[in-house]
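Undergrad: Listed in order, the protein sequences are those of chains A, B, C and D. So the first sequence is numbered by the working numbering: it starts at 121 and just counts up by one. So the second sequence is numbered by the working numbering: it starts at 1373 and just counts up by one. So the third sequence is numbered by the working numbering: it starts at 5 and just counts up by one. So the fourth sequence is numbered by the working numbering: it starts at 40 and just counts up by one.
Keep in mind the hints are simulated off the structure, nothing from the lab. What you are looking at is a predicted structure, and each value in this text was computed from that prediction instead of being measured. Virtual Cβ for every residue (Gly too), placed ideally from N, Cα, C. Honestly, I wouldn't trust all of these hints.
Below, computed lysine-lysine pairings styled on DSS-like, alpha-carbon distance capped at 27 Å [claimed, not checked]: (1) A:K602 to A:K415; (2) A:K284 to C:K16; (3) B:K1410 to D:K116; (4) D:K71 to B:K1375; (5) A:K327 to A:K602; (6) B:K1375 to C:K16; (7) A:K284 to B:K1374; (8) A:K484 to A:K415; (9) B:K1410 to A:K284; (10) B:K1374 to C:K16; (11) A:K327 to D:K98; (12) D:K71 to B:K1374.
Per the computed footprint, the stretches of chain B lying under chain A, defined by three or more beta-carbons under 8 Å from a beta-carbon of chain A, are [as the list claims (entries may be wrong)]: (13) 1374-1387; (14) 1515-1524.
Interface residues of chain D toward chain C, partial, derived using beta-carbon atoms under 7 Å [unchecked claim]: (15) V51; (16) S55; (17) V59; (18) A66; (19) S85; (20) G100; (21) T101; (22) V119; (23) Q124; (24) A139.
Chain by chain, the residues:
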Amino acid sequence: MVGTPVLFIAIPLLAAFLIPLLGMIWKESVRIVPGLVLMYLMVLAVSLMGHVAHNGPIIEIIAGWAPPIGINLVFNAFTGFLVTLIIFMGLLVWLYSYRFKSNVEYEPARKYFILLMMLVTGSTGVVLTGDIFNLFVFIEITSISAYALTAFYTGRDSAEASFKYVMMGSLASTMLLIAIMLIYSQLGTLNMADVASKIHLMDPTLKAISFILFVVALGVEAEIFPLNGWAPDAYAEAPGPVGAAFAGIVVKAMLYALIRFTYTIFDLSGAFNLLIIIGLLTLVIAEVAAIRQDKLKRMLAYSSIGQMGLVMVAFGIGTREGVFAALFIMLNHAIIKPLLFFSGSYLVYHSKKKYISDIDGMGKLAPFTSLLFALGAFAIVGLPPFAGFWSKLSFLVAAADNDMVLIIALILAVSIVEIVYYMRVVNRIFFFKRTTGLLARRPTFNAYIVMSVLGIIVLMIGFFPDTVTGYIQAAADSLFDKTQYIHSVLTASIQ
Amino acid sequence: MKKVLVILLLAVVGFYLADVFIGIGFGNDHFVKSDEIKPVKDIYLQQTVENLKVSNAVTSIVVNFRGFDTLGEVTVLFLSVTALGSILYRKRHHAGDRSVLFSASSIVTAGSKLLFPPILLLGAYVFIHGHLSPGGGFQGGVIIATGFLLMLLAYENYTVSHNALSIVESFAGITFAVIGLMGFMNGGTFLQNFLPVGTLNDLFSGGIIPIIYIAVGFKVAAELTGVIYTVLNEKGDQKNG
Amino acid sequence: MIAAAIYAVVQKDLLYAVIATGIISLILSIVFYILQAPDVALTEAAIGVALTTIVFIITIRNTVRMEDESDKNKNIKSAAK
Amino acid sequence: MDNTYYDLLTYVVYGSAILVMLIGLYAVLVKKSLLKIVIGLSIVDSGLNLLIVSLGYLKNGTAPIFSKGFFELAADKPMVDPLLQALVLTAIVIGFGVTAVALSLVIRLWRHHHTLYIDEIKNLKW
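All chains should be built: construct the whole structure from the sequences, respecting the hints.
TA: Here you go:
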């Protein structure tokens, strides 16, 4: 075997503790080491994915105590898929911000890269862990890094956005802790698989209450309406790459936790309907809000929330096809949203207020960036040859299989809204006259690479969707196979 | 009438929460009665004595059974120091421009000087004996940090070297992670004990538990001192009251 | 403890409010001790009573002492600026 | 000790823990001063910790420490839940970390606005 899943957590932590020491010797190392760590983890993730495809899930036991007693990490097709995605996004964000931060002094740069690495590590931990309380700890790691990254710029509004985030986040973690305690007080265990196998013994009222607490708490972190008060501000005020990291990394991990609770741990029949209702509300309200925004990043943030709503609805369908569609949308969102954030933040780079109207006529000044932005916009609304089309199609097919006509109609209506506001922006970029005297900023070399890679992936998924559907199908199957998950965890022993 | 609305909402939430917890009951076995349920706490208590030879069950859980949580927790503290530094960072650094809480009299300064070594000693005692008596890395680390806090408050120009803090912090953190990785020796798992456990109630017992707790103690002490130091050096632009 | 909590919320002078939260932690740590949790009691005493209170007090020193909710207070402050 | 005494204690302990949490929550929701909000958050944390520890308490229980005295004096007494205590330990430390970050944000906001009054800071939509 090449390595074990625990290295996903241990190596970045070791590096994070080492960086202050290395920084005293060689200052450039604070930028390079996180990247090297992420590259190594990417290699590890890919090789473990290959291993899992042939030999089945890997259950990592920690401290030598088999699952109900100790903490364990689960690396199967589903978690592996998400981990690979998260680390890949982390790597791109690192690459993008590597030179972006070169004008920043040593101290903040060191902190920025440590925080970024810990954001990735925390999210990876959330996805991998098989223990409820450990999940809480990793959520806290992720959110503290996120608070600090939101407030990274010393402008006046970023601290406010971050404060809002801290408020919501710590109330959410209080609720999460109460829910964990309710489960423990009844079942006497904290292991996810163990809880899942015993949940039918739990008092129904308590079960419902703790489920609702989980949904609310994780909903705050996964920007689900009406708990997403923090999200647009945090996206808009955080540095460009961090906004992309939120969309591509943090939200994915939190959504994973929510899904894990709904699908594996709880056996409530009403849970799926709850997901559909929440998802639809999120979707409709976020898209309507997005069309009213006058700042580019806020518009993207609301669009991101809307996409999360769509994912929730897809998960709420509750069939294998639904899960497939949800994962496909998540994948596309994780690739397209960062592309939009990266290129968008260059388009409004010199504009003080970051209004959408400031990008009029950018198409001539910065053709490459504008083209990529347009590509992202086309892809996310689901125009045929691009990536978003296939995920939306699979979603509609899954909904149609279950005769959810109303939902299909609603989704199509919302898609039109989405098309309207994205096309408005694209229209402004290419066909409006430049009104402000602001110049375009040339992207750095690394930013070019990152955006091109993302653009190529979008095109690749668009033209050859088969390259990814296999992995997604395997991931969906492994999420669905609840008994196998429980069995493989509870019978795990030291290799 | 926002206040009334909020109070009403809170009353409803509180009622349900109280209802749930009173239903669970206080001071009795609250786990569901069933053959399938074997609360892990019983296993913990049993294994603590039999296999780990550690007196303090809380320590054995924090450091061994759920050592991964502790690693995460130490990371949270590390992150909050980093976050503090990043949030409060500004370009011009006013060195020695510290906010003074009160001007200390000579009694206070002399007293602090006198108390400082015993506090450090107490902290060290608490974390070295973490596996035998109440206390451990966190508690001992916090006690040491309060010692530094006392000195920082009593002496206006008492400084702690930032580099020294981060060296201590890094080394302690690396120790924790490396001991964790050393668990892989002999085909074990992350954080697995690889040292002989000794006998119950001895100072040298419990395998890697005391070592990890000492590392945690140093790390927590360095981190909390760092938190206080960073905040203390942050003088507001304008003072009021 | 409840009285201290209410006092902490109602009190306009933030310094007293912070000290009230310190008192909550102090009572809490005694309660923890009674509930047979000496480890938690020790942690709560050290973190809750000492460190949190001190960090709050330093923040208050760096900002304002009064919670300015009334217009009167605001006027005084803008006059002082 | 008899059972009615414990029944009464149930209401007292849980009641006060939940009440403290609610008071903190009230401060977070209603108060207009940023520092008061942070104070409220830390009060919520305190109440939560009490709630969790009291959940682990057992009648006539003893602390989960196998000291020499335990085997001599209290070997027949049940031990209170050590796991919940370990979790609270973690929760307290994490709570402190979050409070410190929140307070540093308060200082940042003060630097820019010279007020902690929430209505004057609101640049973004609340």
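Undergrad: Against this structure, judge whether each hint is valid.
TA: Going through the hints against the structure:
Using a Cα cut-off of 27 Å, the hinted pair A:K602 and A:K415 is violated, with the two alpha carbons roughly 44 Å apart. Taken as a hint, the A:K284 and C:K16 pair is honoured in the structure, with Cα atoms around 22 Å apart against an allowance of 27 Å. About 19 Å separates the Cα atoms of B:K1410 and D:K116, which keeps this hinted pair within 27 Å; it holds. For a cut-off of 27 Å, the pair hint linking D:K71 to B:K1375 stands: about 12 Å separates their Cα positions.
In summary, the hint linking A:K327 to A:K602 is supported, as the alpha carbons are separated by about 18 Å, within the 27 Å threshold. Using a Cα cut-off of 27 Å, the hinted pair B:K1375 and C:K16 holds, with the two alpha carbons roughly 17 Å apart. Of the supplied pair hints, the one linking A:K284 and B:K1374 holds, its CA atoms being roughly 19 Å apart against a limit of 27 Å. Taking the CA atoms of A:K484 and A:K415, the gap is near 21 Å; set against the 27 Å cutoff, the hint holds.
Between B:K1410 and A:K284 the CA atoms are separated by roughly 42 Å; this puts the pair beyond 27 Å, and the hint is violated. Annotation: proposed proximity of B:K1374 to C:K16 holds, straight-line Cα distance about 19 Å (limit 27 Å). Under the criterion of a C-alpha separation no larger than 27 Å, the hint pairing A:K327 with D:K98 is consistent with the structure, at around 26 Å. Restraint check for D:K71 and B:K1374: satisfied, since their Cα atoms lie roughly 12 Å apart, inside the 27 Å limit.
Coverage of the stretch 1374-1387 of chain B by chain A is violated. Counting CB-CB distances below 8 Å, 0 residues qualify, and the rule asks for three or more. Under the rule that three or more residues need a Cβ within less than 8 Å of chain A, the assignment of the stretch 1515-1524 of chain B is violated, with 0 such residues. The restraint placing D:V51 at the interface with chain C is violated, with a minimum CB-CB distance near 11 Å, outside the 7 Å limit. Restraint check, D:S55 versus chain C: the minimum CB separation of about 6 Å is within 7 Å; hint holds.
With 7 Å as the threshold, the beta carbon of D:V59 comes within range of chain C, its nearest partner Cβ sitting at about 5 Å, so the hint holds. Hint status for D:A66 relative to chain C: holds, with the closest Cβ pair at about 4 Å, below 7 Å. Annotation: interface hint on D:S85 holds; nearest CB of chain C at approximately 5 Å, less than 7 Å. Hint status for D:G100 relative to chain C: holds, with the closest Cβ pair at about 5 Å, below 7 Å.
At about 6 Å, the closest approach between the beta carbon of D:T101 and any beta carbon in chain C falls short of 7 Å, and the interface hint on this residue holds. Nearest Cβ of chain C to the Cβ of D:V119: about 5 Å, under the 7 Å cut. The hint holds. A distance limit of 7 Å between C-beta atoms decides the matter here; for D:Q124 the minimum to chain C is near 5 Å, and the interface restraint holds. For D:A139, the interface hint holds, the least distance from its beta-carbon to any beta-carbon of chain C being 6 Å, beneath 7 Å.
Violation of the numbered hints given earlier is confined to hints 1, 9, 13, 14 and 15; the remaining hints are satisfied by the structure.
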